[in-house]
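**Q** Here is what each chain is made of, one letter per residue.
Protein chains: 2
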Amino acid sequence: MSPSRIIDLLRHAQPETSAQAQGWVRTKREAKGIAFLELNDGSSLQNLQVVISQDLPEYEQVIKAIATGAAVKVAGKLVASPGKGQRIELSAESVEVFGTADPETYPLQKKRHSFEFLRTIAHLRPRTNTFGAVFRVRNACAYAIHQFFQERGFIWAHTPIITASDCEGAGEMFAVTGLNLDKLAQSSKPVDYSQDFFGKPTFLTVSGQLEAEIMAMAFSNVYTFGPTFRAENSNTSRHLAEFWMIEPEMAFCDLEGNADLAEDFLKYIFNFVLEKCPEDMTFFQERINDQVMANARKIIDQKFERITYTEAIRLLENSNKNFEFPVKWGLDLQSEHERYLAEEFFQKPTIVMDYPIGIKSFYMRVNDSDSQQTVRAMDILAPGIGEIIGGSQREERLDVLESRIKAMGLNPEDYWWYLDLRRYGSVPHAGFGLGFERLVQFITGMGNIRDVIPFPRSPLNADF
Amino acid sequence: MSPSRIIDLLRHAQPETSAQAQGWVRTKREAKGIAFLELNDGSSLQNLQVVISQDLPEYEQVIKAIATGAAVKVAGKLVASPGKGQRIELSAESVEVFGTADPETYPLQKKRHSFEFLRTIAHLRPRTNTFGAVFRVRNACAYAIHQFFQERGFIWAHTPIITASDCEGAGEMFAVTGLNLDKLAQSSKPVDYSQDFFGKPTFLTVSGQLEAEIMAMAFSNVYTFGPTFRAENSNTSRHLAEFWMIEPEMAFCDLEGNADLAEDFLKYIFNFVLEKCPEDMTFFQERINDQVMANARKIIDQKFERITYTEAIRLLENSNKNFEFPVKWGLDLQSEHERYLAEEFFQKPTIVMDYPIGIKSFYMRVNDSDSQQTVRAMDILAPGIGEIIGGSQREERLDVLESRIKAMGLNPEDYWWYLDLRRYGSVPHAGFGLGFERLVQFITGMGNIRDVIPFPRSPLNADF
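Chains as they are written, first to last, in this note's numbering: chain A, 19 to 482; chain B, 19 to 482.
Simulated from the structure, these hints should not be mistaken for lab results.
Some hints could be false.
To be verified - In silico SDA-like cross-links for lysine to any residue, where the CA-CA straight-line distance does not exceed 25 angstroms: (1) B:LYS218 with A:VAL69; (2) B:LYS129 with A:ASP438; (3) A:LYS201 with B:ASN479; (4) B:LYS91 with A:SER212; (5) A:LYS128 with B:LEU437; (6) A:LYS218 with B:GLU274; (7) A:LYS46 with A:GLN127; (8) A:LYS82 with A:VAL69; (9) A:LYS129 with B:GLY348; (10) B:LYS285 with A:LYS46; (11) A:LYS321 with B:TRP435; (12) B:LYS102 with B:ARG305; (13) B:LYS294 with A:GLN168; (14) B:LYS207 with A:SER212.
The structure presented is a predicted model; accordingly, all values stated were derived computationally and were not measured.
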């Protein structure tokens, strides 16, 4: 017999059958010649209760060796549990201790630890209830994303991480180099990039969108799911220097089709997580943020509202609210405005479309209907988090795109291949981007984005 | 009615039904007042034949606008095809041209192009038969990998891309910096890393293994699937500077369990790809490499051979072969040795285990049984490609690991968190690594690794 995952024992195993389990001891408690262990193997939030009787020959030795954090393997018989909150428990017939944990030094004792402290021991925090739940939900989200796109025939496109162009202009970039920085600093000469690995300056990508468009022009429907980077010195609970992003791109698709897909996508992920991780979600609702279930139900149950930016401005002007930032056609919506729309006015997820041309990127399709005042951009605002998805229909007309690039002060030659996509077999196409950690934050209700990625990178922090 | 994917029409649609399709024209041919288009939307290798009669009002205009590479949408009726090699064709009732492609300048004309040339137009090569097939198979492999692990309860662990440590010592690393290289080069001072984004030197990861071990010590079974980097100046058909890697890590697992998982894993992926991409695989067999199906069948049908390194040396010594590189206990196996074992001697996938301690990494578990001469490493050798997977059981004993780190001239303080995993709740554990592009190369038979990743990075090349 081989050991079972604890989640399988808790969910499916029958009393009066033999079983083996292995994992890490969360707590140990002794009473009247019996010891109780709470055993966790990471497969579920709930522990398996192990009962060790002093009749066991190795009782004294084992109990002495075991403390919180120890790794053990237990073989025995499952019995119906008289205790509250558990269907079965494991009555030990043999216990093997793999690795101990000295209670004097092991940092994860039973008391509650602050998330700030736990960040300093990111190599141990996955063993806590909260981070166990976070990373299980993160995993469920990630798999849901692949499954959603694969079921619909999308191709996962691996866009490059190292890039020679800052084509999207989405933010400050990290430099990547094969040169020795210490030698370089002593050189007192301009950098000779011909000596660098790639023969020119290279950076970490800020977005895979432009390359995803290449792939969509061959496979129709594609998506990226990979790491992206920002060298912005933003030391906030909402920013990471390294984060994962999902960017679907669809040929033969307009902004309405884009919004349809994004809405289906969010509903699918939330449904998937609620189905796969019910205990973890209950934990977040009860211990982290009592709005997570209500927010999730709004995503799943409500048809998303769709309004134009121009309508949004009118609603905000008529709200009689004292906003900190000005509301004026042509200015970007601030977080407070987005929250008013989604949380107070519509009280459901809201898709704002057709933003002023002056505040959006060069590649977004220009609307002809309003004298080219707006572009076919969309943002999805969700109650509880604000903007969760941003996307657009792309400008597929070669002449319009070229003049937009020039108008932004960019050099069309840098975009030769991007323009080629409009020169040869151009089609209407659209896509959106979703920051993966923002999504996990939204679903779990975790307050700090550094607590939803295993090893966060932020200013002055690249530990582990 | 909304347009269908061409693969769905080809596989399932019935004649005498209405249908819409959209895609890019591969070829156009006119004969006796009828035009035939081969239409491809990237969903399959096979094109949909579109028949346009000159009775169509827009015939002249449309036929003039359409050439190879143009993007069109066709509505009409499906009819049983009299032509060879296709069950149905689409008789057009309306044709809409989205984007044209000037035959004078569009680089992808009907003739055969060299892979070298196609690398220079990586933004268009996905539209060819070969690269369409490659990236569909790549996608199928990638999804198969997720599905394999998720079905078994493994957690996808996102290990960091930017790292402050070269812990594994696996190769030369790219530096990552927020500093301005041009300013730095003019500074004539040692680098002041306190002014850099992370406050210390940082690099692009060469492996997520050590962080995956962290996650396995909480979730039991995890895997990574992400980009890794090597700044090695290797301009070969087998090396990339940026590639994707898969690294499962299992707690409570020894080398035999590791080998079992790796064998199941490879069989699963090959089965998945043969099932999902039969036309693409036939294409590779017929056009690229006539061994790909035989190699795939060996993976799927044969029980992998398992031998020790010591046995492998004995077999090589007794082979009476004239190897270029010496065969001697204590020296690493070279490609020619690996191929002899898997292709000539066993003629099936072969797992070599228990390598000499002197040629393997510090973290591999030392075998006690042979006076610590070997470590619990394994390599899987496959006919047709050679080494495809490398893995090991990890050293879980704190004292042994510490002395191995010191013996390698490394500083245990740099490994404080890795050592903590052995200090607190240590368990036997094991894992392996698989280079994703090597796998895709193996499955497709493509000769150059730059042709199995959409945008390859190699010395002096970071285009697109």
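**Q** Now look at each hint and say whether the structure bears it out.
**A** These are the hints, each one checked on the structure:
no.	hint	verdict
1	B:LYS218 with A:VAL69	49 angstroms, violated
2	B:LYS129 with A:ASP438	20 angstroms, holds
3	A:LYS201 with B:ASN479	23 angstroms, holds
4	B:LYS91 with A:SER212	46 angstroms, violated
5	A:LYS128 with B:LEU437	22 angstroms, holds
6	A:LYS218 with B:GLU274	46 angstroms, violated
7	A:LYS46 with A:GLN127	11 angstroms, holds
8	A:LYS82 with A:VAL69	15 angstroms, holds
9	A:LYS129 with B:GLY348	51 angstroms, violated
10	B:LYS285 with A:LYS46	42 angstroms, violated
11	A:LYS321 with B:TRP435	47 angstroms, violated
12	B:LYS102 with B:ARG305	20 angstroms, holds
13	B:LYS294 with A:GLN168	12 angstroms, holds
14	B:LYS207 with A:SER212	23 angstroms, holds
In summary, the structure is inconsistent with hints 1, 4, 6, 9, 10, 11 from the numbered list given earlier, while agreeing with the others.
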